[in-house]
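Using the sequences and the accompanying hints, generate a full structural model.
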Amino acid sequence: MSASTKEQRFQTMMLPHLDSAFNLARWLARSHQDAEDIVQEAYLRAFKFFDSFHGEDGRAWLLGIVRNTFYTWYQQNKAQARNTQFEEELHSVQIEDAAAVQYADNNPEALLIQKDSQRQLHKALEALSVEFREVMVMRELEDLSYKQIAGIIGIPIGTVMSRLGRGRKQLAEILVTTNRVHDGS
Amino acid sequence: MDHKEVFELLPAYLDQELGLSDAIAVERHLGNCSECQHELDLQSGVTAQLKKDVAYFKAPTHLAHRIKVALPGERSPSTRFKNWNFNWLNAGAVMVTLLAVVWSGTLYLSLPSAQERLTEELVSSHVRSLQVNHLSDVVSSDRHTVKPWFNGKLDFSPTVVDLAPQGFPLVGGRLDYLDGRSVAVLVYRHNQHPINLYNWPSTDRDAAPQVQNRQGYHLVRWVGGGMEYWAVSDLATDDLESFVGTLRSQG
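Residue numbers (the working numbering), protein chains in the order written: chain A, 1 to 185; chain B, 1 to 251.
Watch out, some of these pointers could steer you wrong.
As the list claims (entries may be wrong) - Under the rule of at most 27 Å between Cα atoms (straight-line distance), these lysine-lysine pairs were calculated in the DSSO-like manner:
1. A:K169 with B:K51
2. B:K68 with B:K58
3. A:K147 with A:K169
4. A:K123 with A:K169
5. A:K48 with B:K58
6. B:K68 with A:K48
7. B:K51 with A:K147
8. A:K6 with B:K51
9. B:K51 with A:K123
10. B:K52 with A:K169
11. A:K169 with B:K4
12. A:K147 with A:K48
13. A:K123 with B:K52
14. A:K6 with A:K48
15. A:K147 with B:K4
16. A:K147 with B:K58
17. A:K123 with B:K58
18. A:K147 with B:K52
19. B:K68 with A:K6
The hints are simulated quantities; they were obtained by calculation from the structure and are not laboratory data.
Structure below.
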């Protein structure tokens, strides 16, 4: 197999999953620009290890690499480390705090935008800690099975199930709280 | 299946990830447990809302291009060679190339060098001069007759010495045409064996006499004083060498 055949085969099998890869990277990194860099890096890694891929489930294989690339980037990135701290603070006091963060920077326009349910949902999902966020995105947006998610993250299927349950509950609570805050104001 | 077990399995029930028997057990419990039913409604509400309203980020169109460019493809020779594996097409190409190289090499080697060609020309010239009885244009043993004869016939003046006392009498001279130019030929004789001494100007470095044998004839070549000399004869090699030695000591 020559190099160009490998490249062609790689592109044919992996580029159709570009949207999935980008969507996952975007939700994990919460930044459009960082997601582009992560996805590109993930594709280069995938190409490097493409010989070890034996064609079972291209999308899950690629998403696993996207996820790993994200975590490498996440740990290396200094600015991102501050966000981690912010995120931990956010989740240690969870719901009230999350609402307070949104409430703190509210102004008439921001409030108006936050009446939009899509906007609230978006912010709520981004506010979830990363281990819940990733299972939520993989299940609700990518329609991956528990088995696929378990394979990508490297956790038991039962853990996938419990994280999904807790993630949904947290999300519901954030949404209820923000609605209550805005209704009350 | 008790309440706690069912409660934990609710996400999997919602996502239709349970086996048939577990799914039936959960369903049976849900019918008379409002807490589980409430939890299930909450979860399915979130799921439905996410699927309906949350943004799915599609990759920007330029990203695919960016990735294709970044892939180590045809543009990188190192990768190409790293991945250069055996295949019959390549093997065939290598064979053809090798054959071409060997064949052209053989052709090149079988081509006579300039020196070789000259040697053969000299032998032919020598043989022809004997066959057609055209050994000499000017028949004289007197070098003062022979040397002036060349005047106006050549763009150089050949060295003419008589070696009769040494046993190599000069018998004449002629013009010949070798290697694309006119050359002077002096004819000597030794015990009835004719010796053709070819000479012409040369830019080569001085070279000591070298003996060659070709078709039963002996040739001695040397370069001296800006002239190239070739002595050709059927004389024995040592006789011819002594002729050359005598000539060089006289010149």
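Here is how each hint holds up against the structure:
1. A:K169 with B:K51: The given pair, whose Cα atoms are some 16 Å apart, holds under the 27 Å limit.
2. B:K68 with B:K58: Roughly 17 Å between the alpha carbons, so the hint for K68 (chain B) and K58 (chain B) holds.
3. A:K147 with A:K169: holds (22 Å)
4. A:K123 with A:K169: holds (15 Å)
5. A:K48 with B:K58: With Cα atoms ~24 Å apart, K48 (chain A) and K58 (chain B) stay inside 27 Å; holds.
6. B:K68 with A:K48: Holds, at roughly 14 Å.
7. B:K51 with A:K147: Between K51 (chain B) and K147 (chain A) the Cα gap is close to 20 Å, so the pair holds against 27 Å.
8. A:K6 with B:K51: violated (36 Å)
9. B:K51 with A:K123: holds (15 Å)
10. B:K52 with A:K169: Holds, at roughly 18 Å.
11. A:K169 with B:K4: Holds, because 16 Å separates the two Cα atoms, which is no more than 27 Å.
12. A:K147 with A:K48: holds (25 Å)
13. A:K123 with B:K52: This hinted pair holds, its Cα atoms lying about 15 Å apart.
14. A:K6 with A:K48: holds (11 Å)
15. A:K147 with B:K4: At roughly 23 Å apart (the allowed maximum being 27 Å), K4 (chain B) and K147 (chain A) satisfy the hint.
16. A:K147 with B:K58: Answer holds: K147 (chain A) to K58 (chain B) is near 24 Å, not above 27 Å.
17. A:K123 with B:K58: holds (18 Å)
18. A:K147 with B:K52: With Cα atoms ~24 Å apart, K147 (chain A) and K52 (chain B) stay inside 27 Å; holds.
19. B:K68 with A:K6: OK: K68 (chain B) and K6 (chain A) at ~13 Å, within 27 Å.
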